[in-house]
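**Q** Sequence:
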Amino acid sequence: MKVRHTLCALPRDPDGPSSDAVSWTAWDDGFLAVLADGAGTGAPAREAAQHAVSQIATHYRTHPLGWTPGKALRETVRLVNRTLWNESNARFERAEMISTLVVALYDEGTLHVLGIGDSRIYLLRQGQLDQLTSDDIDALLPLKLTKALGAEEALDVFTSRHAIEPDDVIFLCSDGVHHHLTATELHAKLAAGSAARAIATDARDASPAESRDDCAAIRIDVISLGWTAKRHEGQLPVPTKLITSQKIDGWTLVRSFGANDRCWLAEREGCRQVMKFAPTEAERDPVIAQGFLKETWNAIRFSEDPAFVKAWENPQRTSLYYNMEFVDAPGLHGWLRQRHLQVDETVKLGTFLVNACMHLLRHDLVHGDIKPENILVGTAYDSLFFKLVDLGSCCEVFSHHSRAGTASYLAPERFKNAPVSERSELFSIGVTLYQALTGHLPFGEIERFQTPAFRDPKPPVKLNPLVPPWLEAVVLRACAIQPERRYQHFSELLHDLANPHKVRPWHAEHTPFIERNPVLFWKLAALLFAATSLALALLLAGR
Numbered sequence: 001m002k003v004r005h006t007l008c009a010l011p012r013d014p015d016g017p018s019s020d021a022v023s024w025t026a027w028d029d030g031f032l033a034v035l036a037d038g039a040g041t042g043a044p045a046r047e048a049a050q051h052a053v054s055q056i057a058t059h060y061r062t063h064p065l066g067w068t069p070g071k072a073l074r075e076t077v078r079l080v081n082r083t084l085w086n087e088s089n090a091r092f093e094r095a096e097m098i099s100t101l102v103v104a105l106y107d108e109g110t111l112h113v114l115g116i117g118d119s120r121i122y123l124l125r126q127g128q129l130d131q132l133t134s135d136d137i138d139a140l141l142p143l144k145l146t147k148a149l150g151a152e153e154a155l156d157v158f159t160s161r162h163a164i165e166p167d168d169v170i171f172l173c174s175d176g177v178h179h180h181l182t183a184t185e186l187h188a189k190l191a192a193g194s195a196a197r198a199i200a201t202d203a204r205d206a207s208p209a210e211s212r213d214d215c216a217a218i219r220i221d222v223i224s225l226g227w228t229a230k231r232h233e234g235q236l237p238v239p240t241k242l243i244t245s246q247k248i249d250g251w252t253l254v255r256s257f258g259a260n261d262r263c264w265l266a267e268r269e270g271c272r273q274v275m276k277f278a279p280t281e282a283e284r285d286p287v288i289a290q291g292f293l294k295e296t297w298n299a300i301r302f303s304e305d306p307a308f309v310k311a312w313e314n315p316q317r318t319s320l321y322y323n324m325e326f327v328d329a330p331g332l333h334g335w336l337r338q339r340h341l342q343v344d345e346t347v348k349l350g351t352f353l354v355n356a357c358m359h360l361l362r363h364d365l366v367h368g369d370i371k372p373e374n375i376l377v378g379t380a381y382d383s384l385f386f387k388l389v390d391l392g393s394c395c396e397v398f399s400h401h402s403r404a405g406t407a408s409y410l411a412p413e414r415f416k417n418a419p420v421s422e423r424s425e426l427f428s429i430g431v432t433l434y435q436a437l438t439g440h441l442p443f444g445e446i447e448r449f450q451t452p453a454f455r456d457p458k459p460p461v462k463l464n465p466l467v468p469p470w471l472e473a474v475v476l477r478a479c480a481i482q483p484e485r486r487y488q489h490f491s492e493l494l495h496d497l498a499n500p501h502k503v504r505p506w507h508a509e510h511t512p513f514i515e516r517n518p519v520l521f522w523k524l525a526a527l528l529f530a531a532t533s534l535a536l537a538l539l540l541a542g543r
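When the letters of the sequence shown are read in order and numbered with the UniProt record's numbering, they come out as residues 1 to 543.
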């Protein structure tokens with residue numbers, strides 16, 4: 001297709017910053033136009049608008065091929081909304097990073113429109129101007145928004161679909177534009193071919209000084225549509241049986257990885273890659289199919305972080321799978337059969353896992369199945385490196401109340417249907433570090449449907465005398481049975497791993513006081529003895 005676009009975000013004060021933000025992304029057969037208007041005039045509003053336009057543009061293009069454009073757009077906006085909500089509450093303890101949002105997406109031959117707040121999208125066709133979005137404002141208080149990005153943790157997101165034609169004009173604008181230009185004036189300017197900056201400037205100049213607002217606009221002129229390929233592949237078949245030497249899309253399956261017969265090493269002309277296929281249940285269960293597509297999305301969008309393996313999709317695939325780079329490295333579980341990790345290697349592993357989990361948490365996600373089988377161990381320049389794999393259990397924090405994951409690494413509260421959380425992930429990290437140091441699980445092997453009775457684990461130093469006291473304290477605190485005795489945040493564990501001299505000693509819950517703090521115990525004992533002796537002396541002197 002061929003389009004022409006102009007865009008701008010003018011501040012109310014020519015010398016000041018704008019709380020509006022715009023972005024434009026185009027590809028051969030589509031485009032994505034995003035406009036956000038930060039609610040307020042301060043830095044949080046400006047950050048909200050800028051974050052919204054940049055993250056929507058970034059995440060939309062990584063969505064699974066199995067999602068329709070409309071679904072991909074809605075999921076992306078929900079993700080950005082949660083990110084703004086979480087960051088705002090973490091920094092300000094209330095919703096401060098709030099923005100309106102309008103998106104015009106043309107993909108697979110259809111225009112998808114999304115509006116939140118009072119920014120608008122118009123369509124000019126054959127002399128008629130129509131508003132494609134509706135304003136989310138209070139009927140009695142027109143300046144009060146009833147819906148905005150970042151205002152609430154959960155956001156209802158809707159999109160509408162429209163056909164477009166050559167010579168159509170699509171126009172996105174903030175309220176600073178449509179509040180100060182009438183529909184007739186806007187129609188005339190669009191029909192006359194005015195660029196986005198000219199229209200925004202006219203709107204700002206037309207507004208009284210006391211009510212002047214930031215003005216943002218995007219104008220899109222459709223010149224020709226061309227041919228567009230349909231990318232939605234939700235009905236791709238799921239192969240039920242996979243065997244060695246089987247050929248799929250030109251790749252030969254070499255071997256499966258461990259017990260997972262849905263994840264295979266594949267070869268073609270000397271090149272190797274990993275192919276992960278959807279579960280066989282996805283053929284008849286749309287919930288499982290959508291779960292696999294979400295896993296695909298997560299794998300692709302986290303590919304740029306070195307903690308994860310690179311992932312992509314084959315646009316010409318004939319069945320439901322995604323591709324990953326092949327990292328020629330064993331899993332940590334197999335590595336530990338040969339030897340334990342040394343102290344410095346365990347610290348490096350812990351730091352790696354915390355950083356990987358913090359990256360996921362920034363996207364409001366947790367891994368959900370941290371264990372040695374999901375950690376690759378490689379060597380480079382005589383040093384170990386790690387990769388975290390298998391995002392199949394990855395989910396939104398606090399979203400799952402099930403026992404999803406591997407029982408031996410699940411936090412005790414997860415067996416009582418507590419939601420997966422930062423603290424439950426820290427427990428899994430602690431169990432993994434304990435096993436890396438000692439070769440043993442701190443609470444033994446736990447069966448999937450068992451409800452175990454947790455008891456304090458054996459101190460790691462009794463299984464590996466080379467474990468220093470500070471690292472033992474870190475590991476035992478991470479996998480504490482009671483959630484309140486654990487590290488509460490990833491950053492706390494990261495701090496202790498980097499500062500051994502600042503690590504507080506760890507004692508089991510019912511450890512006698514003399515063992516928990518012998519110095520203080522004997523000081524108090526000496527003080528009590530001295531006080532008793534003095535009292536007796538005074539008593540005898542009085543006689």
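Hints may contain errors.
In silico DSSO-like pairs for lysine-lysine, Cα to Cα no more than 27 Å straight-line [as the list claims (entries may be wrong)]:
1. Lys241 to Lys294
2. Lys458 to Lys502
3. Lys387 to Lys294
By construction, these hints were calculated from the structure, which means they are not laboratory data.
**Q** Check whether the Cα positions of lysine 458 and lysine 502 lie no farther apart than 27 Å.
**A** holds, 23 Å
**Q** Is the straight-line distance between the alpha-carbon of lysine 387 and that of lysine 294 27 Å or less?
**A** Holds, because 20 Å separates the two Cα atoms, which is no more than 27 Å.
**Q** With a cut-off of 27 Å on the C-alpha distance, tell me whether lysine 241 and lysine 294 pass.
**A** holds, 23 Å
Hint compliance for this structure: every hint is met.
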